[in-house]
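Q: One-letter residues, chain by chain:
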Amino acid sequence: MAEIKIPTINRVIISGRLTRDPELRYTPNGKAVCNLSLAFNRRYKDASGQWQDDTTYITVVCWMKTAELVNRYLHRGSPVLVEGRLESRSWETEAGQKRTVIEIRADRLDFLERPANSEVDIDE
Amino acid sequence: MPELKLANLNRTFLIGRLTKDPEIRSTTNGTPVANFTIAINRRYRSQTGEIKEETTYVGIVAWQKLAELCRQYLAKGRAVLVEGKLQNRNWETEDGQKRSTLEVRADRIEFLDRETRSEGAATAAEPAEAGAVPEAYPEAIADNGKSDDDLPF
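Keeping their order, the protein sequence lines are chains L and Y.
Numbers 1 to 124, taken from this note's numbering, label the letters of the first sequence in order.
Numbers 1001 to 1153, taken from this note's numbering, label the letters of the second sequence in order.
No lab work stands behind these hints, which were simulated from the structure alone.
Don't take every hint at face value.
One-sided excerpt, in silico: chain L residues whose CB lies under 10 Å from chain Y [what the hints assert, rightly or not]: (1) Ser15; (2) Tyr26; (3) Ala32; (4) Phe40; (5) Ile58; (6) Ile104.
The C-beta atom is built at its ideal place from N, Cα and C for all residues, glycine as well.
Same shape as in the complex, but just chain Y (with noise of 0.2 Å):
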C-alpha cells in the first residue's frame, strides 16, 4: 500500500465590513501591499434564549495587484468576501517585547457592495444580515498567485 501523506490544508473565507480605510504601502522593493481590518458579525442565541450579537476582527492584507486593486475600491464600511490562509505576523513594540498576531492573506477578495458608505463604524458593527445592500453586484478580484511563494509573507 503506499505511504500516506499528511493533509496540508489552509484556507479561511470570510466576509466582514472594513472597520477603517484601508492602509497601502510599499514595500522596499516597489511591492504593494494593503492591510485592513474586517468586522463580522455572529448572531446567536444564548442559553437563556435571547438573540445576542458577538464581533470578530480580523487584519487582512492583500499584495501586489490585489493591494492595488483593494487601494482603488474598497473603503470603511465596505463588504467584502476574502479568501486566503491564515499566517502569523511578528513585530517588536517599542520597548522591544515581541508581539505576533493572527491574519488574514488574501489570495481573493469579492466587493460586496458598490457605493463607498459614509456611515463608518456604525455600519461595521451592523450585523450583516441588516447591511442588505439593494445594489449590491459583485466584483472578484484575484491574485493571481504567480508571485504568491516569492514573498516572505
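Isolated chain L, as found in the complex (with noise of 0.2 Å):
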C-alpha cells in the first residue's frame, strides 16, 4: 500500500462586524492592501446558567482586487464572512521584547449586507 500523506490544512471561516473603517494602503511595489477589524460575539451559559456575551476581536488583511472592493463598499459596522487562512506574524518592539500576532489573511470575502452586487468572489 502507498504512503498516507498528512495534508495540509489551514483554513478558517468566520462572520463579523467591522470595528473601524478599512485602511487602504499600497506597497512600495503597488499592490493594494487593506487591514479590517473585525469583531464577532459569541453567548454562552455561564456556570450559575446566565446568559454572557464574549467578543473575539481579529485582524483580516486582504489583497489586491478585494483590497479595493473591501475598501470601497465597507464601513464601520458593515457585516462579513470572511474565508482565509491563519497567518502569524512576529516582530520586535523598541524595548526589545519579541511579539507575535496571529491574523487572517483572507482570500475570499462575501459581504453580508445589501445593496445588491455587494458580493465579491475572489480567489488571488
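Hints given; two lone chains; assemble the complex.
A: Below is the structure:
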C-alpha cells in the first residue's frame, strides 16, 4: 500500500462586523492591501446559568482587488463573512520584547449587507 | 418576506505539529485544560518563482475529556488535525500591561501519527509534505460539546 501523507490544512471561516473603517494602503511596488478589524460575538451560559456575551477581535488582511473592493464598499459596522488562512507575524518592540500576532489572510469575502451586486468572490 | 438574520460562523480547521509537549492544568473547580502550540507550514512560489516556506504558529486550547486525551496521546512533534473556533485570550503582563492573543478552542482533535516522535523542533519545522508518516492511523477524539457553553472561555 502507498504511504499516507499528511495534508496541509489552514482554513478559517468567520463572520463578524467591522469595528472601524477599512484602511487601504499600497506596498512600494503598488499592490493594494487592506486591513480590517473584525469583531464577533458569542453567547454562552455561564456556570450559574446566566447568558454572557463574549467578543473576539481579529485583524483580517486582504490584498489586490479584494482590498480595493473592501475599501470601496465596507465601513465601520458592516457585516462580512471571511474565508482564509491564519498567519502569525512576529516583530520586536523598541524595548526588545518579542511580540506575535495572528491574523487572517483573506482569500474570499462575502459582504452580508445589501445593496445588490455587493458580493465579492475572488480567489487570488 | 421573512426577515433575514446574519450568518454566524466561526470555524477553523488546522493541521500542524506540536512545538512542545502540551501543558495540562486544572481550573480551581477541577476542570482539566490543555494548552499547546502547533506549527503549520505552507509552501508557496514567490514572485521570482522560487519555492518558499513560511510557518504559522497557533495556540490551541482543549477542555475536559479532550484535555485528558491530549495529555495521554500528544507530545512535541506529533501531527494533529484541530477543528474549533477562534477566540481571544486576554492576560496581564508582570508590569500590568494588557495583552490579547488569538487561539483556537478545539472541539475535535484528530491524531495523525501514532508513535511519539523525538526529533522535536526539527520535525515541527518540516513541511507537512515531508512529514508523511507511513503508519499514520487517525484516531479521532471529540469534545462532546455538552459543557461547551458553561465555560467562560
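Q: List in ascending order the numbers of the hints, as given earlier, that are violated by the structure.
A: 2 and 3
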